[in-house]
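**Q** Produce the complete structure using the sequences and hints provided.
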Amino acid sequence: NAGVTQTPKFRVLKTGQSMTLLCAQDMNHEYMYWYRQDPGMGLRLIHYSVGEGTTAKGEVPDGYNVSRLKKQNFLLGLESAAPSQTSVYFCASRRGQGNSPLHFGNGTRLTVT
Amino acid sequence: AQSVTQLGSHVSVSEGALVLLRCNYSSSVPPYLFWYVQYPNQGLQLLLKYTSAATLVKGINGFEAEFKKSETSFHLTKPSAHMSDAAEYFCAVSEYSGGGADGLTFGKGTHLIIQP
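Those protein sequence lines, which keep their order, are chains L and A. Its first residue numbered 250, the first sequence is counted upward by one per residue in our numbering. Its first residue numbered 1159, the second sequence is counted upward by one per residue in our numbering.
For the record, the hints were derived by calculation from the structure and aren't laboratory data. Be aware that a few hints might be false.
[Claimed, not checked] The calculated DSS-like cross-link candidates involving lysine-lysine, where the alpha carbons are at most 25 Å apart (straight line), are:
(1) 1226/A x 1266/A
(2) 306/L x 1266/A
(3) 258/L x 1266/A
(4) 1207/A x 1227/A
(5) 1207/A x 1226/A
(6) 1216/A x 1226/A
**A** Here's what the structure looks like:
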């Protein structure tokens, strides 16, 4: 049982380049999330989805887009990367709301030069 | 709006000593509370969660946390620290009312250092 899988694990981009991060979960969870983790900042929510075909903005959505075309996949896109987007990105999913815990992937470390 | 404050970005304890990691929350409604652990170069793993069934919650690896409504706290403890406990620990809150579809709100984390 793989849980939440993120690809790629590492990536280096030049300013202005674009890329897509892929998140896949095999737990049939409705809710999926993208967070970024920066030193001393904890985790901040970028975008989230409460079901296939739906997405919503989180705390820090600027510069990112997402899509949830299939229930098991949640894509995070950077159209024009900036150095401020250098971070570790985590995808997470949960079965429901409230007391349902988040299940995390192992992260993607992105460096923008 | 909900928020979480973790007191101390770094906590250092000796092996075998008590571990105490502090978490205070702010929520307009009864919250759900979680503790997660992150080992280097890994994602976050759930340690334990509070869901109103009992104020003292036991988790994995010998950790436990007590919910104190009057103090709006959910501190994490372990009686005897092991070297393997060295990691980053995050407290998180999800509001009960409305379900919290926008996930959990995390504290900034506490780095636990174990001295031999």
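**Q** Okay, which hints does this one fail, numbers in order?
**A** No hint contradicted; all consistent.
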